[in-house]
Amino acid sequence: MSSKVSHGPDTLFVNARGNLALAHHALLERLLSDVADLDERLETSLAAAAVEQLVSYRLVTRLAKTQLPAEAVRFQFKLTLPPDTLPADMLPADSEDEGERSEDVLISKLHET
Amino acid sequence: MIAALLMLSISLQSIELLLTRRDFGAAGVFSWRVIRDDVAALPGPLRALLDGLLGDSSFVVLLLLQLGLSLLLPWCTHMLVPLGLLLSGLLVCIRFRGTYNGGSDAMTLVVVLGLWVARLGPPSADGDSLAGSPWQRAGLGYIAAQLVLSYLLAGVAKLREPRWRRGQALPRLLRAHQYAVPGSLQRALATRPRALAASWLVMLFECAFPCAPWLGPEGCAVVLACGAIFHLVNAVGLGLNRFLWAWLAAYPALLFWSGQLTG
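Taken in sequence, the protein lines are chains A and B.
My numbering numbers the first residue of the first sequence as 65 and each following residue consecutively.
My numbering numbers the first residue of the second sequence as -7 and each following residue consecutively.
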């Protein structure tokens, strides 16, 4: 997601775009949490269908749309946890190796714009 | 003092949301048309009320009302002003399915709630003085207790995490995509000894924070100044400006209670 926003002393009082980017990130984390919750409660096939009904999934779909070029007709998004953002409980306890820790958590269906 | 700092905190929050209002409009990411499914299980009249207050266009009116109320805070000492801000703050949290900006929203609500309680009692004889009624002491006590807990719990949580104790978590946090930390700050903490020292400094400060009110008003003020610098660095480095103003608004309550406890 290309919502990285620079900041500094000038954004000490008003950092509207920066805080919006953080809210977008929180939305992604909420979807991760909701997906994990579904995986615990439902069988795999049911969970896959239920994901698309989640409010957080539908909001992230809208977020993905905002990142598309104007000429896009269809889109699909993938939620990946890069090594630097993997929660501690998803990392090997004492490993120093950060090479292959990225994990695809969700690959969406194909959406029309 | 609390009212003035809270005015600044809430008015800045309202302005930020108003500046990004396209994002919670009908075509925006946070459209109420989607989010309203969260409240589908509520009784019909309550759902209709929330639709009326949090709909894609009416939410802007709510934010303008919140901005107006926040500007009244230092000038109008009626308890209805913080009550209105408490309600609007809760509605904003519902609108964003929890909070918009995490802990800063929570601390803002704590300070608003404490100020509302403080204003429930009769005004003190010397006008703006904090050393008034039991309501004022209770309201400020609530804010001070929550402030102390906010640091203590954050410190203990870090202390329990091996990556924080080994100095690995802080550089990882600074590299996290969402914070867009300036390269100079990342480089400053890039070496293991510096990262380790900074991590332990943060953990010791947060865990020792409950001692602050027992140091007397002068000692407490020094600790709070250190806290302000900590939040200032976070605001400039990580873009967490809302935390700075929300926590600053809570500081006078701890100063007051420091005087009560040691005086």
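Read the hints as simulated data drawn from the structure, not as lab findings.
Fair warning: there could be bad hints in the mix.
Distance windows between CB atoms, simulated [claimed, not checked]:
| # | chain 1 | residue 1 | chain 2 | residue 2 | range |
| --- | --- | --- | --- | --- | --- |
| 1 | B | 251 | A | 72 | 10 to 20 angstroms |
| 2 | B | 158 | A | 97 | 21 to 31 angstroms |
| 3 | A | 108 | B | 217 | 27 to 37 angstroms |
| 4 | A | 166 | B | 38 | 26 to 36 angstroms |
| 5 | A | 131 | B | 53 | 48 to 58 angstroms |
| 6 | B | 206 | A | 70 | 36 to 46 angstroms |
| 7 | A | 108 | B | 71 | 17 to 27 angstroms |
| 8 | B | 190 | A | 93 | 21 to 31 angstroms |
| 9 | A | 93 | B | 32 | 14 to 24 angstroms |
| 10 | B | 200 | A | 93 | 24 to 34 angstroms |
From a predicted model like this one, the values you see are computed outputs, not experimental measurements.
All C-beta atoms in this analysis are idealised placements derived from N, C-alpha and C, irrespective of residue type, glycine included.
Problem set entry | Range agreement (Cβ of residue 32 of chain B with Cβ of residue 93 of chain A, hint 14 to 24 angstroms) | holds, 23 angstroms
Problem set entry | C-beta pair residue 166 of chain A, residue 38 of chain B: status relative to the range 26 to 36 angstroms that was hinted | violated, 43 angstroms
For this session: Kindly confirm whether 21 to 31 angstroms is satisfied by the beta carbon distance between residue 190 of chain B and residue 93 of chain A.
Result: holds, 25 angstroms
For this session: Look at the Cβ atoms of residue 251 of chain B and residue 72 of chain A and judge whether their distance stays inside 10 to 20 angstroms.
Result: Once the Cβ atoms are compared, 36 angstroms apart, the range 10 to 20 angstroms for residue 72 of chain A and residue 251 of chain B is violated.
Exercise. Honestly, do residue 206 of chain B and residue 70 of chain A meet the 36 to 46 angstroms range at C-beta?
Worked result: holds, 41 angstroms
Exercise. Honestly, do residue 200 of chain B and residue 93 of chain A meet the 24 to 34 angstroms range at C-beta?
Worked result: With Cβ atoms ~30 angstroms apart, the hint holds.
Problem set entry | Cβ distance range 21 to 31 angstroms for residue 158 of chain B and residue 97 of chain A, holds or violated | Holds, at about 26 angstroms.
Exercise. Using the C-beta atoms of residue 108 of chain A and residue 217 of chain B, is the stated range 27 to 37 angstroms upheld?
Worked result: violated, 54 angstroms
For this session: Take a look at whether the Cβ-Cβ distance between residue 131 of chain A and residue 53 of chain B falls inside 48 to 58 angstroms.
Result: 30 angstroms Cβ-Cβ, so the 48 to 58 angstroms window is violated.
Exercise. Between residue 108 of chain A and residue 71 of chain B, does the beta-carbon spacing fit 17 to 27 angstroms?
Worked result: violated, 54 angstroms
In summary, the structure is inconsistent with hints 1, 3, 4, 5 and 7 from the numbered list given earlier, while agreeing with the others.
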